[in-house]
Structures are given as C-alpha cells and as structure tokens.
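Participant: With the hints as your guide, set chain B onto chain A.
Chains as they are written, first to last, in my numbering: chain A, 8 to 664; chain B, 8 to 664.
Source of the hints: derived by calculation from the structure; they are not laboratory data.
Nothing here was measured: the structure is a model prediction, and the numbers come from that model.
Misleading hints may appear alongside valid ones.
Pairs count within a copy or across copies, as identical chains cannot be separated in the list.
No more than 35 Å apart at the CA atoms, straight line, and that leaves these computed lysine-lysine pairs for DSBU-like [said to hold, decoys possible]: (1) K562 to K187; (2) K244 to K187; (3) K639 to K344; (4) K259 to K204; (5) K639 to K143; (6) K503 to K470; (7) K219 to K259; (8) K517 to K639; (9) K251 to K580.
Protein chains: 2
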Amino acid sequence: MSLESIQIGFMPPADKVSAENLLQLVAYAQSKGFDYIVSPINSPAYRRVLFEEEEPQNPSLRAWRAGLESFRPEDLVLRTADHSEFIVGTISDWQDFDSQDLKVRLHSELALKQQFNWASHLALGGVMLPYPPSSKPLSNYGRVLTSSISMLPYTACWLRVPCMDDELERNVAEELQGMKSWERWNTILNMAGSQSKLGIALELSATLPTDKVLDRWFAEPVKVVIIPEDIFLTNNKGYPVLSKRHQHVVRKFMRFKPYFMISSSSLPKLTLDEFSDDLLENSLASPHADYLRYLYRTQDTLGVIDQFATGYQDYLQAPLQPLQDNLESSTYETFEKDPIKYQQYELAVERALLDRPVPTDGTPDVTVIMVVGAGRGPLVNCSLRAAEKAGRNVRIYAVEKNPNAFVTIQNMKASLWGDRVNIVFSDMRTWNPPEQADILVSELLGSFGDNELSPECLDGAQKVLKPDGISIPANYTAFVAPMSSNKLHADVSSFKDLTHFETSYVVMFKAISLLAQPKPIWVFEHPNRKDIPLNQNPLSNHHNIRSGSIEFTSKTSGMIHGIAGYFESVLYKDVLLSINPETHSPGMFSWFPIYFPIKTPLYVPAGGQVVLDFWRLTDTRKVWYEWQVSCKVEGLGVIHSSSLHNVGGRSSSIGLY
Amino acid sequence: MSLESIQIGFMPPADKVSAENLLQLVAYAQSKGFDYIVSPINSPAYRRVLFEEEEPQNPSLRAWRAGLESFRPEDLVLRTADHSEFIVGTISDWQDFDSQDLKVRLHSELALKQQFNWASHLALGGVMLPYPPSSKPLSNYGRVLTSSISMLPYTACWLRVPCMDDELERNVAEELQGMKSWERWNTILNMAGSQSKLGIALELSATLPTDKVLDRWFAEPVKVVIIPEDIFLTNNKGYPVLSKRHQHVVRKFMRFKPYFMISSSSLPKLTLDEFSDDLLENSLASPHADYLRYLYRTQDTLGVIDQFATGYQDYLQAPLQPLQDNLESSTYETFEKDPIKYQQYELAVERALLDRPVPTDGTPDVTVIMVVGAGRGPLVNCSLRAAEKAGRNVRIYAVEKNPNAFVTIQNMKASLWGDRVNIVFSDMRTWNPPEQADILVSELLGSFGDNELSPECLDGAQKVLKPDGISIPANYTAFVAPMSSNKLHADVSSFKDLTHFETSYVVMFKAISLLAQPKPIWVFEHPNRKDIPLNQNPLSNHHNIRSGSIEFTSKTSGMIHGIAGYFESVLYKDVLLSINPETHSPGMFSWFPIYFPIKTPLYVPAGGQVVLDFWRLTDTRKVWYEWQVSCKVEGLGVIHSSSLHNVGGRSSSIGLY
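For reference, chain A alone in the conformation it holds in the complex (with noise of 0.2 Å):
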C-alpha cells in the first residue's frame, strides 16, 4: 500500500444546498483542504413530476412523461457543468419505485433516468443514491436501478447504505444488527448481477455492529465510506477524534483506498469577513478530514508481508507445478526471502539431530541427510547451520530435477558446501542413491499442502530412507472455509468459460469474508509405511486419494462464492509451519491462500449449515481435486447445492510427469 494520499469530500445537509449557495459551498470546501463536495443533483422542486395533477389538466407533465420536455431550472441545483469535477451527486430521495399507484412507480423511474442523463451529460465523477427504507419493498427498484446503469458509462454509481439498519429496528438483539442492511443491498446485487457497476457508500454510525456482521462489507465493492461529524469525538485539545472502534473499522476500510465522506448536519458559515474572527479558523483546514489523514498516514508500518503482497492482494494467481515446469530463477529467489519458513526448517533439522542417539559404539557419528528437490540450496544451508548449531557430523546430498537449479548449487558446492554435501541431477523418485538417509529434508507444499504433489514426490523418495529414518515434513494438512467474495467471483465470471470455475488459484486475499472458521480436512503423513512396501516405488497412486465433506454453520447471513484452503504442517514435533489464519505462523509470506471457486454463488442463512464436499482424486498421469457446496437448514434439509465441480479433472489438474 503506497501513502499517497486519500480523497475526502464533504457532504453539506442535502436540503440546505442550492444553485445560489453552491459556488460558495465549493469555494468552502476548496478552502478547507476537501477533494470534492458532495451536492444533491435536484432541487426539492423536481418532486412536482410525482404529485401535480392528472396528464389532461396538465399538458406540460403528458409531455414530460412522453419525453417531450427536459428540467425546468427550478428542478435543478446543478445548472451547469461548472466545477463538475469537484462535484459528486446525490439523487433525490423522493422517488417510490414499488408505490403501489402506478403513476408514481412510472415517474419514480424517470426522474431517475433523467437525473442520471443529467449526471452523465454533466460528467460528474460519481452519483449517489439513498437508500431505499427497509420498510419498502425492492424488486421495481431494483429492475430499474439494473437497467438505469447503462446510462452512466463514465460516472461511478454507489448505493448509499447504512451500516446499521433504521432506527426502529435498533432495538432487536446485537447478532441481527446490520444484517438487514446486507440483505437488501444482496438483493439489489443479485438482480443487477455481480459484474455490475454498482458500488457501495457505507454509512458508518456512532453504534457499529458487530464484527462479524460488519465483516462481510469488506467481500462487497464498498467504494465509499460516509463518516457523519457527529460521530467524532472531541479529544481533550478539542480536536475531533473517532473513538477506538471507529479508528479500527476506518483503518480497515482505508486499505481499500476508498473514498471518504465528512458529512455534516449543518450547513458552514459562508460569508467571509476578511476582518472578523472567524477569518483564521476559516482558512484553516477541516480538522475532520486533516484527522482521517493522520490516521491513514499513521497506519501501522508496512510489514515485510505486506510489501510483498503488494500489487498481488486479490490478485487470481495459477498455483506453480513445479512437477511439469522446471521453476524460474526468480521464482526460486523470492520464496527463499521468507524470514520465517527456513528459520523453521533450521529448527526442525537441529532437533531432528539433537533427538539422534550418539552411536556408542565407537562407530563415527554421522548423520545422512538428504534435501529432495534442492533448488538453489537454502534447505542444504539451512541443514548445515543446524548441524553446526546441533554439534553433530552430518553427511548431506542435495538431488535437484531442474537443470537450471542444478547449475546454481554446482557453484555452491565449489564455492561454499565443499566435501560436506553431495550433488545429485536427478528426479528424487527415481534416485538410487548410494547409502539410505537418516533424515529426508523437503520443500514441495503448495498453499492447499499437498496440492503441488508433495505426496506423490515424497512417496517416491521414500526409498532412500532408512527404515527408523525422519521425514521433515512429518505432515500436512489441508483447510477449508466457505467464503464470500464478490470480486473474486466477478473476476472468474469475466472469464466466460467453465474451465475458469473448475481451477483453483493462488491469492493473496483482501475483498473476502469467511463465512465460517477453517477446519482441517485431510492430511498426509511422511513415511508413509503402511502404504508403500519398504525400498520400494508405490505399485499405484491410489493411497494418494483423499476425501472429505465438512460441515460448517454460518453464524451471519451470506453469499458463498466459493472455498478458501490453507495449509498447516508439522515439520518436526512442535515445529510448525501453517499459513491457516488462526494459527498463521507471524511474518511467513512463503505461501497465499488458495481458492476455489464455485460457478452459482449460494445463499447461506445465518445459523444455516454449509457442506464442503472435497475430493483429491489421481490416476496414472495427473492429480486433481472435485468439489461441490451444499447448504442445508435445519428441518428443511438442503436447500441448494452446487454442480459437482471439476469432474475427473476436467479443468484443472496437476501433472505427475
């Protein structure tokens, strides 16, 4: 995340703005360091097209409705194209799409249009719509509203929400708070499909829901979020502050760069004195916005992960197969930039070594350690440091498939390694090695584990182990969660194919919420002894499958969008390498979650049950993983699920050769 700056506006009370105090509103705004004011598009005036009297009396509104007549300058606030570059819209609050009198649903809906006309024939950077009362319904309002969005193809569009539902109904329990909110903004969305333009202007309150309920705005395009005056508090300098909470929740939004809102319940002194009092404080900047401007500069120093992550946050990634495609130098480099992975892998080796009995047998103690799938060396460096640390004699070989690689750890061994470590150009499963290993170092996890053929690759290894000889890794494990995340989904839809639903990805996640806590649903263990006869190549791949249906309750409302994966490994007793969110290991950024996409967003109703079917299936040439989503509610059984996804690997798999 750059610093550079945010966009703050400054929204006046809608019914205090007029075409005669406009100008002076900007220059206001100008002068207290604004990036753009915030003005209704229409006059109260314009309400006449709903409630003047019936077409025969009333020649001038039969022509207004058939298109025949335009705004008179009454109706408007925003005459001229003026400043329209300082200026975002509001539209007016009036209309009653889903009225029962059809009259005013068919004059509701041309209001609208001709106010967007008007928005994009003046080229405001964006307009804003209220927000429908929850008491109303939504179905006219959202067809027009879907169908009104093609008129603005260069001014963005937000549908002012309240992040807490209306007043009335702050009264039911803390759990439900804000969730109507969501659920008619998801019903607008769903109407106008998710690739639609429609953004959110978030209302924060001085009451915030929960974390959870408010969660699930950061898998929706919030784009602006609206800050009442009101809600700050007054520190004791007599600044304006937000309180702790609200500092949090604007930290969190801030990392979406949207814009912000100051809104005011009252309109600014307007006429200047240059020689009265108040000419000092009026020169000065709003402390408000100069406030949100401290608060995003002083965002917590960019860790080593987050300058990593930039320009990859949401980012559809294909996961490596480094099995088929020999990996790139500079693919090698950035993951052994990992502060943390290989001080873990140093830790595990150095106890792997100390819990080695010292022979006492006079037989010299030597332990053979062999780095499958070396690279450029790191796990070979990382064993002899761990030797050194561990004070014990280590013979070391270090077996390397890619070419590439290989012509790097030539030179190490000259160099650096010398008579310590044996170099080896070979696949590691079909290695016969001159002595067996105590010890089989390895670095072949993928973010979902086993979902870059680990298994498979350590399986055939697995020969030059001695019988009582460790595996670092011990193990693996897979987790899922449900998730929702409007823009991932968006992105694969864009796609247009079936193939893209069926493919997992590679990301670092940022617009997502989890429905649920990820839970393990396989694992893998190293030796596999029950499996695979000693000294020998498995006779098939079949032990390789795994399975798992996992069930989840949703504790908010949401949409499902797909599953999100993580990892958890044990490289050796307690030490642990895990990028799943609650046990994520601080500072590792080896690894980006994995998604799978769904191609029918679900709905899950709170309390509802969630139902991951997941599948790790092979035959003789490739892996690959099945999936499908079920949501089931209790009594009525499963109300929907997805297609079965991805079946025998017909979109994605990974390569065995």
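Facilitator: Chain B in isolation, oriented as in the chain A frame:
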C-alpha cells in the same frame, strides 16, 4: 403419438440369473414375446474385490486395483456379446461408495468403472444402476457416477428409483411419501448437471404416492418404468390386470414412451418338455406384457389437439411477431382450423348484437362491425353468421395490413361477401375510417394474452369505435405459475448463451410439472377510455406497462426451471377463451402455453414460497418482458433468487413496427 408398439422387457430376480441359465432365460423371454431381458452383468462372486484380504497377502487384488487384472470368468454372468442386443445389464448392488472404509470406497468405484467398461464392450443397449439406500449419504456416489457415465458412449444409463421410499418410511404422513426418493434423485442429477445422459428407471409399487408427488416425475427423464408382477391383480377371467389408479399412472407414462420392465420375484419354469401339459401355456405370450400392450392400444382416441400437437411436444418455438412480420398462409390455415375459437367468437358477436337495442325512432337497424386484423377472413364469416342468427343487419369492415392475406379477402368479397363487407388495406392503427363502429372484433391474442401486442394495436384502433362501442375481446388476463422441466431447461441450456435464457418460448408442454396452480398477474381491458383521449392515438405507451409480484406456495419440494404462462380472455360477457389449465376451453388448440426460462434452476422446499416478479415494459420502438424468481421460507426470508432476466429487453422483445 403414433400407435407403434412399446418395448417391454422381462426382469427375472437378479440373484437367480447365472451364466448357466442366461441363454435359457433369453429363449424364454423371446418365446413370451418380450422385447428384451434384464440381467445382472456380474455374478455375486465378483463381490470378492471388496472383502478379500489386504494387499500384501493378495497380489491378485493389488494387481486388480492397479488396473492390471480384469474379470475372472466366474465374476461374470454376461461373458460374451451373444444376444447383447436383447439384454439390458444391471450393476451389482454391493458397492458402498460412501463407506467410512477408504478401501471399500475405492474398490466400489473401481468395480463400477469395470462394469461400465464391460457393458460398453458388450455394446449393451442399457445399464441400470441400483438405487442407493436412503440411509446412506450420496456425495461420493454422485461423484463417481458423474465421472463414470462418460464411459458409456453408446449405452443408456438409468438409475433405478422407487416411486415410494423404503418400507421403513412408509409410515410417514401421506403428504411425505415418495418425497425423499425424488430428493435423492435430484441431489444426484444436480451433481451430474442437467445435461447429463443419466435417466430414471422408476419402479412402481402396490401403494402409490399422491398425484402431486407422482407429478414431479413427469418433469424428470423417466426412461424406464418397472412394474413388479406382484402388483398386478387377477380379473375374473384369471388374467393379470392393474388397479384403476395404476392403469391411470401407467397410461400417463405411456405418453413418454418409456421402456417397460415386468419384474418377477421368481424364476420361470425353463425346461420345456415338448410333450408336457405346459407346452401350450409356455408358448403363449406373457399375459402381463399383453396387458400393457392392450393398455397402450386402447388409449383415448387422439383428440384434435393431440393430432395437431404431434411433433410439437416440448419443442421450443419463438412466439409470433405479427406486427413485425407478415404471417404465412399456412399459419393462417392452421389457426383457422381451430373448432372452438371461432365458435366462441361467433357466439360473442351474436350476443353483442342481441344486446343492442333496436332503434325505435325509425332509423334503419344497422350495426357497424369492424374486424381489425381480418387475416383471411374467418372473423368476417363469424360476424356474418352471428348477424344471421341474431336476425340483425350489419355493415362490416375488414381491415388487414398483410398484402398477401388481403388477396384472399378480395376474393372472399368478390365470391361470397358482396356488399355486406367493405375491405380495407391498412394498418388498424393508422386507418381513417368513413364512419365509426359499434363493435370492434379482433383476434390478436398470444399465448400470454398481450405478447403479440394486442394492447398496442387495439389502442391504435380504438378511435374508430363509437363512444358507446364495444370491443370483442373485452379483456384478457395473463396467468403465471412456477414450473419444473429438466427437458426444457436442458434444451435452452444447450444454446450456451444468455440470450436464449432471456427469451420466451411457445411450447406444447409434456415433460413438465407445475409447482403451484397458475395465478393472474395482470389484465388489459378494451376499449381503454381512461388512458386514451377520445378519437386520438395515445401520446405514449406508458399505460400499457404492467408489473406484478405473485406469491405461490409450493406443496412439494421441487426445482424451478422457469415460469409457465397462459391467458384467459372475456370475448363478451360470459363468452370466454382460456388456455389456463384450470379453465381451458375444451378442444381449443390455437395456443400452446408460453415458457419463460430462468438461467439457474432454483430449489424450493415443500411449503416454501415462490415469488414471481414480472414486468411488461415498453419504449418507443418495442415491448418486452423482464422476470425474476425468488424462494422464501418462513422464518428465513428469501433463501435464493434468480438474477433479473432480459434487462431492458436486451435479449428478446416484440417490435412495435
């Protein structure tokens, strides 16, 4: 429906069929006039692959698992391709795909695939899968089936499904009987995807579920109907017959021409002794099969509708666009054959004429009738006959815009009508008549009432009508109902684009099931004095905008694949036309219902609410429909909703010019 024969198979008890008696059974079935026999592919011996000792002790099973060993001879009932054209194979029922034991799961999958492979190798016409017991989970079964079905490129594949659930469940309330059976089928179909080639072999039982529950099967791909011998009754001549209820159900399925299977719980006497008393009996055809053929032959003589419908059933047709396109002569001819429609028009005109007061002031008694959209003249003939019956004088104007049809009415005037009829070549909306009409007669209705723009045409024609004149039809109402049809949805899906999901189709429904009775959604009345100034054209078409949000309660669970549309029309007072199933004008065939698909089928639980939101919208050039479907459950709110279909008429519309 042609009278060609149905295919009936003989299904002996699976555990009694062996490689040894197979040929005798084939000969027996042939001698009994069956079209095929149903035999297990494998003998019970094959079950060994699930339960033999673990691998290290059993190299043969390890080899089998690795795909290196095939069937042993004793594993098979069907050992050769002899008579394979006469055999339907059944898959063994001991597989347990969702076992907790991973080995049982894997071996079940491998065994199924091996059987599919063999069935394909033998070129069997069909294979039948056992129904998974309802006590077991389905997810791995569904996954295995979905991925294996492609191994049967030429062989049909049917899942055996009981129409009633397991014995255990028969004690539940009548409403629930047979529910779970469909739910489980739906779960499997949902995994496989609606375009799967998987069909149903529906097994009837002595007790049948309610019509409502049975009805759902007509929307599913039932390819086989299994009738156990022991549900037949014996009539007083000693012959097997079915109960009235069973006859009714079997006849209903005969419309779909499925395969029938007569299943027997005991093996027939196979050793024929030429000199025994059994000879005569044994050489007679199966009385059960004979009875089914008798039911098939004696179906109700095909009515006019069915004759007309041959070839149209479940075929998606684009609705007519009579304003944009000129109808062809054959289209007119088809519609003119309707025996009911013109009877009703004649009656309506007669009643309207009789209701007109005879002038008492000495002016001549002449009623002016204008037929707008006269086509080839059938309504002119109706009006002339009606005048004769009513004993009133008429002066008729026949207005037609289609130059080809106009040729025909010129001939009609010359040869038949003479001075009583004035013919006018014009669009009714722009015609300037020499006098005004007492009665305006038109036949502009589409399957949805207003979908061929009758409202717009009659609005334009209304100025030719006297202030107290009447329109025949006086009004028409559109009806909608949520419907289920895998077939129609799969047909629309096969176009693989959004456009076809946002288009309505005129369809002679067959493989469909309504989830609730149709309800009215909007109405058009003529003449429309409220919105259209006297003797003028309407200023805009806004008054023909309609919308409705209709809620239905679904009495069973089901999948919604779209919306069925119908119309009812009052021609004059109590003279009606209707294609709404509940009030359908008997024998009238001019209109099939209309089908509005939805992109993603939605599941509705039993007792759930289905909300259909529907709009008829207009701009200056066209009229179009938009629609959306949602499901609500009490206490949960909306559990899912479709996107808004056909936004702004982007995929389909009806041109005004």
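Participant: So which of those numbered hints doesn't the model satisfy?
Facilitator: Hints 2, 3, 6 and 9 not satisfied by this model.
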